[in-house]
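Residue numbers (our numbering), protein chains in the order written: chain S, 1 to 179; chain E, 1 to 108; chain Y, 1 to 683.
These stretches of chain E come out as covered by chain S in the derived footprint (C-beta under 8 Å, 3 or more residues): (1) 34 to 41; (2) 46 to 55; (3) 67 to 75; (4) 90 to 103.
Hint data in this document are derived by calculation from the structure and do not stem from the laboratory. By construction, the Cβ of each residue, glycine as well, lies at the ideal position given by its N, Cα and C atoms.
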Amino acid sequence: MILFGFEITGYQIAFLALAGVTLGSALMVVLMPNILRAALFLGLTLFGTAGLYVLMNAPFLAAVQVMIYVGAITTMIILAIFLSSRVMSVGFSQAIYNPVLAFGAAGVMFLFLFVTIANSIWVKRIAAEGPTNSNVGVHAVAAALLQPYVFPFELASLVLLAVLVGAIVIAKEDQPGEP
Amino acid sequence: MSHSAYGIPITWFLTLGAMLFCIGLFGMMVRRSAIGMLLSVELMLNAANINFIAFGSYLKLPTIAGQIFAIFVITLAAAEAAVGLAIVINIYRLEQHVDVDKMTAMKL
Amino acid sequence: MIEHAWLIPLLPVIAFGLVLLFGRKAPGNGAYVAIAAICASLAMSLAVAFQWFLGGASAAHNGLYSVTIQWMPVGSQMIDMGFSIDALSVVMLLVVTIVASLVQIYSIGYMHGDPRYPRYFAYHSLFAAAMLTLVIANNVVLMFMSWELVGLTSYLLIGFWFERPSAMRAAKKAFLVTRVGDVGFLAGIILIYLKTGSLNLFGDAGVFENLTRLDVIGPWGLPLTAIAGLLLFCGAVGKSAQFPLHVWLPDAMEGPTPVSALIHAATMVAAGVYLVARMYPVYLADSSGMALQVVAYVGAFTALFAATIGIAQNDIKRVLAYSTVSQLGYMIMSLGVFGYVAGMFHLFTHAFFKANLFLGSGSVIHGTGTQDIREMGGLKKKMPWTYWTFLISTLSLCGIPFVTAGGWSKEEILAVAWHTNRVVFVVGVLGAFTTAFYMFRLVYKTFYGEPRKHDIHAHESPRVMLVPLVILAFLAIFAGYVGTPWANVFERNLVPVLGHHYEQVLENKLAGMHHGFNLTVFLFATGSALLGIFMATIIWLKPVLRIEKLEPSFGWLAKLVENKYYIDEIYQATIIRGLMAAAWLAFAFDKWVIDYAIVNGVGYLTRLASDLWGWFDRTFVDGLVNIIGWITKTTGSALRYLQTGVAQHYIFLLVSALVVISLAVIAGHIREEAWIPIAGFYR
Numbered sequence: 001m002i003l004f005g006f007e008i009t010g011y012q013i014a015f016l017a018l019a020g021v022t023l024g025s026a027l028m029v030v031l032m033p034n035i036l037r038a039a040l041f042l043g044l045t046l047f048g049t050a051g052l053y054v055l056m057n058a059p060f061l062a063a064v065q066v067m068i069y070v071g072a073i074t075t076m077i078i079l080a081i082f083l084s085s086r087v088m089s090v091g092f093s094q095a096i097y098n099p100v101l102a103f104g105a106a107g108v109m110f111l112f113l114f115v116t117i118a119n120s121i122w123v124k125r126i127a128a129e130g131p132t133n134s135n136v137g138v139h140a141v142a143a144a145l146l147q148p149y150v151f152p153f154e155l156a157s158l159v160l161l162a163v164l165v166g167a168i169v170i171a172k173e174d175q176p177g178e179p
Numbered sequence: 001m002s003h004s005a006y007g008i009p010i011t012w013f014l015t016l017g018a019m020l021f022c023i024g025l026f027g028m029m030v031r032r033s034a035i036g037m038l039l040s041v042e043l044m045l046n047a048a049n050i051n052f053i054a055f056g057s058y059l060k061l062p063t064i065a066g067q068i069f070a071i072f073v074i075t076l077a078a079a080e081a082a083v084g085l086a087i088v089i090n091i092y093r094l095e096q097h098v099d100v101d102k103m104t105a106m107k108l
Numbered sequence: 001m002i003e004h005a006w007l008i009p010l011l012p013v014i015a016f017g018l019v020l021l022f023g024r025k026a027p028g029n030g031a032y033v034a035i036a037a038i039c040a041s042l043a044m045s046l047a048v049a050f051q052w053f054l055g056g057a058s059a060a061h062n063g064l065y066s067v068t069i070q071w072m073p074v075g076s077q078m079i080d081m082g083f084s085i086d087a088l089s090v091v092m093l094l095v096v097t098i099v100a101s102l103v104q105i106y107s108i109g110y111m112h113g114d115p116r117y118p119r120y121f122a123y124h125s126l127f128a129a130a131m132l133t134l135v136i137a138n139n140v141v142l143m144f145m146s147w148e149l150v151g152l153t154s155y156l157l158i159g160f161w162f163e164r165p166s167a168m169r170a171a172k173k174a175f176l177v178t179r180v181g182d183v184g185f186l187a188g189i190i191l192i193y194l195k196t197g198s199l200n201l202f203g204d205a206g207v208f209e210n211l212t213r214l215d216v217i218g219p220w221g222l223p224l225t226a227i228a229g230l231l232l233f234c235g236a237v238g239k240s241a242q243f244p245l246h247v248w249l250p251d252a253m254e255g256p257t258p259v260s261a262l263i264h265a266a267t268m269v270a271a272g273v274y275l276v277a278r279m280y281p282v283y284l285a286d287s288s289g290m291a292l293q294v295v296a297y298v299g300a301f302t303a304l305f306a307a308t309i310g311i312a313q314n315d316i317k318r319v320l321a322y323s324t325v326s327q328l329g330y331m332i333m334s335l336g337v338f339g340y341v342a343g344m345f346h347l348f349t350h351a352f353f354k355a356n357l358f359l360g361s362g363s364v365i366h367g368t369g370t371q372d373i374r375e376m377g378g379l380k381k382k383m384p385w386t387y388w389t390f391l392i393s394t395l396s397l398c399g400i401p402f403v404t405a406g407g408w409s410k411e412e413i414l415a416v417a418w419h420t421n422r423v424v425f426v427v428g429v430l431g432a433f434t435t436a437f438y439m440f441r442l443v444y445k446t447f448y449g450e451p452r453k454h455d456i457h458a459h460e461s462p463r464v465m466l467v468p469l470v471i472l473a474f475l476a477i478f479a480g481y482v483g484t485p486w487a488n489v490f491e492r493n494l495v496p497v498l499g500h501h502y503e504q505v506l507e508n509k510l511a512g513m514h515h516g517f518n519l520t521v522f523l524f525a526t527g528s529a530l531l532g533i534f535m536a537t538i539i540w541l542k543p544v545l546r547i548e549k550l551e552p553s554f555g556w557l558a559k560l561v562e563n564k565y566y567i568d569e570i571y572q573a574t575i576i577r578g579l580m581a582a583a584w585l586a587f588a589f590d591k592w593v594i595d596y597a598i599v600n601g602v603g604y605l606t607r608l609a610s611d612l613w614g615w616f617d618r619t620f621v622d623g624l625v626n627i628i629g630w631i632t633k634t635t636g637s638a639l640r641y642l643q644t645g646v647a648q649h650y651i652f653l654l655v656s657a658l659v660v661i662s663l664a665v666i667a668g669h670i671r672e673e674a675w676i677p678i679a680g681f682y683r
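Excised from the complex, chain S in its bound form (with noise of 0.2 Å):
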């Protein structure tokens, strides 16, 4: 398919589309000044992410992405918008805080890392044209969780009981006559 004078394929054109919606969402998490909206184009970034991923072929990935960060933590995050709920009334300027030297220093790091995977030589270990693991399911992620990565398996349980605790002491309100 040749597009402007371009040979392209049909993967090419569903990258850009995904990388399209994620990065303009992304841009409109950051500039937002109505939080909640912000954290709206946040789940439709993470969207992106998960069909980025299906074209990566990890469509696991993109199912647990969708279903942890799209459904849980997008979710919590809202909730916890409306739980202060006075920040949602706010304009541009008392949301955003000094733009010019942030874009600046952003832009200098951009620019650095794109300069450093343009000026990398990715032939070697890597594919040129494509992923390559082509059957990577359900099957082979349980497998590596209960084979070789066991141990942090378990730890991410523990970390996870540890937060569960530690969120519920810190965001309970304290009672009176209470330590």
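Fit chains E and Y to the given chain S structure using the hints.
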């Protein structure tokens, strides 16, 4: 360099990740509210995830490590969000705002 | 029972610990615990004695039962400890346990109400333990240890009423004076050990079997046996208060009277005699006979010398103390003239009647509250029990024949002296006369006549004090019947203790002696005693002979005797002054040479050096430290303005720093040509 069916070099994904990361970084610096900063952190974590999965998928030797790492990152992102939001709610309860630039108790 | 004889000293040790720790809570304030222990020891001693003498154990064990265990390794040598039972040990066990138990029972009454009552009984238990260990020890090290322990308990008990400065001084004096003798004892042990290579007394490798190794000529042309014997005798002189180390014993009367009875009359002071008797083979092995000669003359001199002092003393306990010194002189003298059996026999009988005399005097003191016989008088009616027991023991001490124990033993001593050394015999007879004289002076002044001081309301002592008196009076009469000239059970059992070889030596020395009743000696002994009693009677009871009339011609003598021949003063002027002068010289040397010249000089130099070093430290080392601190502080106060407290600033700084560092690191690695085909990678 022959064109595959995909026709997407890894540098595309890496550049996308870098962009997403820098947007998150920018958000970290400009957002006054703590919740906004948390959103930016999520963006940066996603950028890192994209890199992990890209490398895992593009390696000539098939490997699952990238995806596994991404799963752990998601797990820890959830944990971070939970604790961070708990702190935010606590701060809001104490000060009626969540503006980080006003929280200067640690200033010398 | 004999196998378990080691329990005899162990029980009082346990009692000592218990009474010392729990005395106030124990029954009878600890007294019953101590008495139970000593009575158990007494019962065991009696059992041992019956088994040994009557049960045939002596024959079964061939006259000696000895057990040894390893005690402590010293270098490559092993020092042993152990106990031995033979006739000598059994006799001493009986004496010590009988007197100790009676004295402790008596003490219940005498020490009643004393603030340190439990401690008194604890000390008594410790003394009993040490004394019993001493008499059954078969090893010179163990002997020396218990020897020093009895010295320690003696010190503690003399100074029991340490609030009185005189008691304190007397305790110190007793300890130090006996220590002079102990040095000789220790030297003797070392000499014996060096030559025989053994510290055990018995056995094939023991001291007694190897005495021939000591039979070489040493310094002053004396055989080493004589030297060893004399060194051991030094210990005996100190402990048994022989001249010239007798001075501590009269002062030791500052202790409670039962203590005087047990330690300073019956048992501990007799330890010196026991030591000589136990080591008798050493003296018999002495081919020159020098050691025993010295023993005999020292003993004889002390016997008479102390008796004369006794005449002029007015303190009831001091009279008895000099009497004890005199009687110990008798025993030593007897050992010196080969009267091995006689000396031990006198020790045996003397323990009972002298303990009784002391306890009687304690009863008198308890009843009247004074110790001065010039303030007493007429106590015969008020204290009949005390009087009669005191009289019986006095007669025993005077050596009234046939009816008293002392009669038999004293006569035996004189019989041996008659055979071997007439000079000693004469001194002994004079001593017997003097003894009778001063003892009846004491009895008359105390119990007869009219009370000389009327504010004294004398009363008889409680029964707990009288029972021991009666038992001891009984023993003062009947204890002598084991050693009558016709059936001398004592001799028959005691002589084999020396071992076959030395038994023969002793028999050769006494060859030709008339065994059995010796009429000449009997007449001398009885006559001198009766004469002494008679003289005392005509002077103090029926004053036919007015002592005041003798005053002009004998005044100087009386004064000399009353002041104990100025022995203490002579010691003060010579030995103590000399020691003080030597100490002063040493002190001066210390002060001027060592302190000023050496110590202070070194100190001054050290200080100078450290001053220099301190200056260096302060200027350079501290300066460096301060400069580093100043730099840190200045930098910190400059950088603190970065600490704004705004999180966004921190992130900005973080990103900037990351960019700068990354650029700096990677700049070197980027190849020049790689910058060109960017478009190629993105196509």
